[in-house]
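Just so you know, the protein sequences line up as chains A and B, in that order.
The UniProt record's numbering puts the first residue of the first sequence at 1, with every later residue one more than the last.
The UniProt record's numbering puts the first residue of the second sequence at 1, with every later residue one more than the last.
Be aware that one or more of the hints could be misleading.
To be verified - Rough simulated footprint, nothing fancy, chain B against chain A, three-plus residues with beta-carbon under 8 Å:
#	segment
1	17 to 23
2	63 to 75
As the list claims (entries may be wrong) - Not everything, but these chain A residues come out facing chain B in the computed CB check (under 7 Å):
#	residue
3	Val45
4	Asp49
5	Phe50
6	Ala53
7	Met56
8	Gln57
9	Glu82
In short, the hints are calculated from the structure, not lab data.
All figures in this text were calculated on a predicted structure; none of them were measured in a lab.
C-beta atoms are modelled at their ideal positions from N, C-alpha and C, and glycine is treated no differently.
Protein chains: 2
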Amino acid sequence: MRITIAAVGELLHTATLLHDDVIDGGEFRRGRPTARLQYGNGMAVLTGDFCLARAMQAIAYSGRLPAVQTLSDAVTRMAEGEVAQLEIAGDAAPDKARYYLVIERKTAALIAWCASVGGLPAPERSVALHRYGLEIGYAFQIADDVLDYAGDPHDTGKTRGQDLRDGKLTLPLILACERDPGLQRAVHQLLAHGPPVDGEAAEAIVARVAASPGVELAARAAETHAETAVAQLAELPPSSARDALVELARSVSRRVS
Amino acid sequence: MRITIAAVGELLHTATLLHDDVIDGGEFRRGRPTARLQYGNGMAVLTGDFCLARAMQAIAYSGRLPAVQTLSDAVTRMAEGEVAQLEIAGDAAPDKARYYLVIERKTAALIAWCASVGGLPAPERSVALHRYGLEIGYAFQIADDVLDYAGDPHDTGKTRGQDLRDGKLTLPLILACERDPGLQRAVHQLLAHGPPVDGEAAEAIVARVAASPGVELAARAAETHAETAVAQLAELPPSSARDALVELARSVSRRVS
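Bound conformation, chain A alone (with noise of 0.2 Å):
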């Protein structure tokens, strides 16, 4: 069975995002109605483990015991990530700690396997190449969350500020709180009843993080975990793949949609 770790990565993915819209409820995805809405939460749960299931024995069959190794730990991982974002979701109390802890285990621990898995034989590079997959996880991530507060939702094709009316305290507004205690304060009100919030309320503090140096700073952010992630690709010989992987990093945190 010859398989790609792109269609692997892809596989998990897909997994990640048809069970993240049945937690979440959500109903579009890139301007597009979500699987859940379409077919229904059953058919989209059960795609997803077939999706989970196909991508390990994919790599089972590639006959590389430690590639599987790492692969269940990193899925494990991802799971563990959306059970504690889903714990924290509607505790007001912004906290980057806690952020970076999901953040890693839900999205970068997934990137970083694909990343290393190509470089398992040689175990220097391996750790090189996962901890760039780890940053740019990260850069991703957080790219991701800046879209939701300063994204055009034409490009986006998702509704402003909805990881805040989902009870999802973001790198942006996590890094706005620190500088405004009067927004702190206005965001443990907001969830005060636990998530999912929406009205005027939700709105006037998604625009005041928008207007805020939180969503700046958490670009920039971005861009530092990208540059950490170029740096370790110093371990590698240059090539044009080496070039390649320069290139992707930065364009993961340069992302409009």
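Starting from the known structure of chain A, arrange chain B on it as the hints suggest.
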């Protein structure tokens, strides 16, 4: 990492139950509120994902690649079986071949994996044990489907006839319909507008199936599968382990809850 096959089977079974209850909107299991009712759909989906990943991880770290490969096959088949069951739910044409296809995938594949994995180093034993597992899987699922019509709700903790209400046409009903075209028409009419269905018409069909020869014939089919399972064990040398497998097979078809 030391983990028994039974624990891996338990993790995968738990994952299936957690996701099944989300898919069916199940409220009670063995008389107690389901996880989705207590903790929400999101937590139930994610905890199921975690159990699935943790099971794969445990086997991956056992260091036996064939065990990982066959487990990922079984999990893929389980997801396919659940999708197939959901796709045909409410299809009012009872069909024995399709019923077996679904239960092979959703129930028997996992039990067959658990039964055979210990025998993998000895291929001829592994084949017999796999067949043993499939047959007790059939026996287990058919016995479960019989209980849905003929069990004591006090023992099973479930509403009688829930399968029919969810649009699942199981062996007792299929065998009853084979002998009663009027019943088949009534089922067709009941499910004309798709599941879930409820009310007096559903109640009447459940009572008709419960009083039909379908229940007894299905119970006998479960026993036959259990005996076919026992017959596979002739390949194994006599031992107390083999005696326990015989006892297990027979107890499966005699279950009352």
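Against the structure, the hints:
Note: the segment 17 to 23 of chain A has 3 residues with beta-carbon separation from chain B under 8 Å; the three-residue rule is met and the coverage holds. Under a criterion of three residues with beta carbons nearer than 8 Å to beta carbons of chain B, the stated coverage of the segment 63 to 75 of chain A is upheld, 8 such residues being counted. For Val45(A), the suggested interface contact is upheld, since its CB lies about 5 Å from the closest CB of chain B, less than 7 Å. Hint on Asp49(A) holds. Least Cβ distance to chain B is approximately 4 Å, under the 7 Å limit.
The beta carbon of Phe50(A) comes within 4 Å of a beta carbon in chain B, closer than 7 Å, and the hint placing it at the interface holds. Here the hint on Ala53(A) is kept, as its CB sits about 4 Å from the closest CB of chain B, short of 7 Å. Contact between Met56(A) and chain B, as hinted, is supported at the beta carbon level, the nearest pair being about 4 Å apart and thus within 7 Å. For the restraint placing Gln57(A) at the interface with chain B, the shortest Cβ-Cβ distance is roughly 4 Å, inside the 7 Å limit, so the hint holds.
For Glu82(A), the suggested interface contact is upheld, since its CB lies about 5 Å from the closest CB of chain B, less than 7 Å.
In this structure, none of the earlier numbered hints is contradicted; all agree with it.
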